Structure formats: C-alpha cells, structure tokens
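**Student:** Hints in hand, dock the two standalone chains.
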Amino acid sequence: RKEVEQDPGPFNVPEGATVAFNCTYSNSASQSFFWYRQDCRKEPKLLMSVYSSGNEDGRFTAQLNRASQYISLLIRDSKLSDSATYLCVVNGGSTGNTGKLIFGQGTTLQVKP
Amino acid sequence: EPEVTQTPSHQVTQMGQEVILRCVPISNHLYFYWYRQILGQKVEFLVSFYNNEISEKSEIFDDQFSVERPDGSNFTLKIRSTKLEDSAMYFCASSESRVYNSPLHFGNGTRLTVT
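For the record, the sequence lines run as chains A and B.
Residue numbers for the first sequence, in this note's numbering: 1 to 113.
Residue numbers for the second sequence, in this note's numbering: 114 to 228.
So that you can see chain B by itself, here it is in the shape it has in the complex (with noise of 0.2 Å):
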C-alpha cells in the first residue's frame, strides 16, 4: 500500500534555528498538508497546499512558516527561526481530493524537539 513517508524521524535544534522538515507524499495525490501535536494534546492543522500554492491555513501558520514543493516528489515545512513551543510532532499529509470523503493519508510524522 502506497504511504507518505517523512524524514527525520527526529530533529533536535537549538532555539532560533531554522528546520525543514521533509515529506513525500503519495504520488498520485495532488492535495498536500501538515499537522502538527503538542505532546499530550490534539492534532491541529497548520495548512493545507494545492497546484502549488497555499489553500488554507491556520493562525499558527505565522510568517515564520512556509511550505514547498520543490521537485515533483517533496513536499517541506520550513520553520525560519525555531521557538521552544514549536516542540512537537509534524505530520504530513496527502489526500486524491478534496471530494466528499476523501480521507487524508499521513505520514510517520517528525519529532521536532526544540532546545
């Protein structure tokens, strides 16, 4: 069965740095996202991207996020400048549609721990 696959499994940075975080999605998908949880608490959608440019996102999405898709396989969440609650679990996700239904597929998920 076909699967997002995301790399690092798990980053460690110091507070300030920059991160990107990698994903490749399924390859017939054509809807992209990230999620991310804080340990302990619910999933959250960060944003959604399509046809190469952003569809939605949320008030945590700030300017020091940003997204990619810089070859036909990748898809990245850069984080320009980690703070310490920006520790979490990102996942990525991909979906055929946006139909009716179409459920989203995620990946293994990166641990971002930020010193």
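Extracted from the complex, chain A is given alone in its bound form (with noise of 0.2 Å):
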C-alpha cells in the first residue's frame, strides 16, 4: 500500500460544481494532516489543516477517518482559479509528530466556464 494515495484524476468540472477528492494513508502513527494545493511548476501551499472532528473553511471542507485511515476534501461551488493539483498530506514520522510529510501524487482539479 502506498503511503498516501489519492486519485490523480484529472477532474473536470464545471464552474459552480461541488467536488469532493479522497485519500487514504498507511501511518497508523500519524498525527497530522494536511491539504495542501500546487498550481503549474509552483510551491505546496497549504490550504487547510485537517482536523478529527472534521472542519470548514469558507467552501472548502475537510474529514478524517482514523479508523479507516482515509481523508477527504469537499468544495463547493467551485471557482475557476480552484484549478490547481490538491495534495494529501500526511504526517510521516515514526513517532507521527515530524516534519517529515509524505505527499500524496495529488489530485488534478480543471474547472470550466
């Protein structure tokens, strides 16, 4: 099992659309986690934390399961400059609470007119 893994997609929405991207982890020792978003040859920028109780930040909402080991991000009414590569991101150290983040392969986002 790889250690983050997302659907690369791409997915191809419409502006106004409500779309929802998932990722799964194998650290059972994580601690934290992350959505980070990467347009064309740029830097990670971090978009939300992800909390247990799940939380929400304008359009954008994220989830955690610990018990399946599974996260997810929700946006709604989509944007055009919502295009952009989303990044799981998880925890990686072998104590769970490092800097070392394991980056999943990312999920391709194009929103159309």
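These are calculated hints, taken from the structure and not from any lab test.
Since we're looking at a predicted model, the values are computed, not measured.
Check before you lean on any hint, since a few could be wrong.
[Stated by the list, open to error] Straight line, CA to CA, 20 Å or less: simulated PhoX-like cross-link-like pairs of lysine-lysine:
#	chain 1	residue 1	chain 2	residue 2
1	A	Lys79	A	Lys45
2	A	Lys42	B	Lys155
3	A	Lys45	B	Lys155
4	B	Lys155	A	Lys2
[What the hints assert, rightly or not] Rough simulated footprint, nothing fancy, chain A against chain B, three-plus residues with beta-carbon under 8 Å:
#	segment
5	131 to 143
6	147 to 157
Glycine included, every Cβ here is placed at the ideal spot set by N, Cα and C.
**Tutor:** Have a look at this one:
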C-alpha cells in the first residue's frame, strides 16, 4: 500500500459544481494531516489542516476518518481559480509527529466556465 | 505575510559539479526542511534540521547531500557531485515547531537542471 494514495484525476467540473477528493494513508501513527494546493511548477501552499472532528474553511470542508485512515476534501461552488493540483499530506515520522511530510501524488482539478 | 525565500530560482549545472541551493526561512521559525519534486512526480522529503543538526533524513539524502545553517538567517543544501537524476525542483520549508498541526511554509523553489 502506498504511504499516501490519491486518485490523480483529472477532475473536470463546471464552475459552481461541488467536487470531492479522497485520500488514504498507511501510517496509523500519523498525527497531522493537511491538504495543500499546488499550481503548475509552483510550491505547495497550505490549504487547510485536517482535524479529527472535521473542519470547514469557507467553501472547503475536510474530513478525517482515523479508523479507515481516510481523508477527504470537499469543494463547494467551484471557481475557475480553484483549478490546481490538490495534495493530500500526512505526517510521516516514526512517532507520527515530525516535520517529515509524506505527500500524495495529487489530484488535478480543472474548473471550466 | 512573512515568507520563505529561495535563490536562485533556476540553476543549471554540469554533471559532477557541486551546487549550493540557498534558502532564507521565516525569521521566527525553528525547524527547517528540504524537499524535492522531480518533474511529474510527487513531492519527496529530503531532510529536516533543528538546533543546528539534522533531525531526520530520507534514503535520498545520501553522502552527496549536506545541509548547513551558516549564519542566523540562511539555510543551504549542498550537492557535492551532481547526477542527472538530481534534476528536480528543490523546495525549502520552515515551521514554528513540530507540534501537532504546525504547518510547513514552503519557498518558491529552485529548479535544478543537471546536464
């Protein structure tokens, strides 16, 4: 099983659509979970941390299921500017709490007018 | 908003040459990292650095790689004898701490091309 696995997509959606991305991780000791966004040939930028209780930031909602080792990201009312690659990121240290982040391959989203 | 800065943005070098990639982390951050991304592949951890020593390193970070914090602001990655497969985007990152959910802030990267 890959350390962090995502569907690479691409997801092609119209503006205003709701889209969901999923991710699974293999290290049950992981303590920290994030979604990062990466535009073409740019650095990863933190979109949001993911908390056990689930959390929302505007149009973005993240969920974590520790039992299933599963993370999700929901984007509502998609904008053209949401077009990017979304990276599922998990803390990968042996204690589950270091700066060693394990990145998924990323899911590409293309929002069309 | 404070940011991590990296120089140069693009470095071209010949195989076997030494390169030094430079980074200025966010000033109040204590933990520093290097990651790399080969074109079309995922971002990979190289090394973490705290209190003037390496905290953790990956299998990629072999004897050809070294890191240094030569002064209070810069953090460098040196590749002693570059190989073609070292061609990648190298990202520096920093964080305030390693506690739960302390996010990493990435610089805009140095594209290394080894010919």
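**Student:** All the hints need checking, so say for each whether the structure fits it.
**Tutor:** Comparing the hints with the structure gives:
1. Restraint check: the Cα-Cα separation between lysine 79(A) and lysine 45(A) comes to about 18 Å, which is no more than 20 Å; the hinted pair holds.
2. Between lysine 42(A) and lysine 155(B) the alpha-carbon distance is near 13 Å, which keeps this suggested pair within the 20 Å criterion.
3. A hinted pair counts as satisfied when its Cα atoms are at most 20 Å apart, and lysine 45(A) with lysine 155(B) qualifies at roughly 14 Å.
4. Straight-line distance between C-alpha atoms of lysine 155(B) and lysine 2(A) comes to about 12 Å, which keeps the hinted pair within the 20 Å bound.
5. Requiring three or more residues with a Cβ within less than 8 Å of a Cβ of chain A, the coverage given for the segment 131 to 143 of chain B is violated, as only 0 such residues are present.
6. With 5 residues having a beta carbon nearer than 8 Å to a beta carbon of chain A, the segment 147 to 157 of chain B meets the requirement of three or more and the stated coverage holds.
In summary, the one numbered hint that this structure violates is 5.
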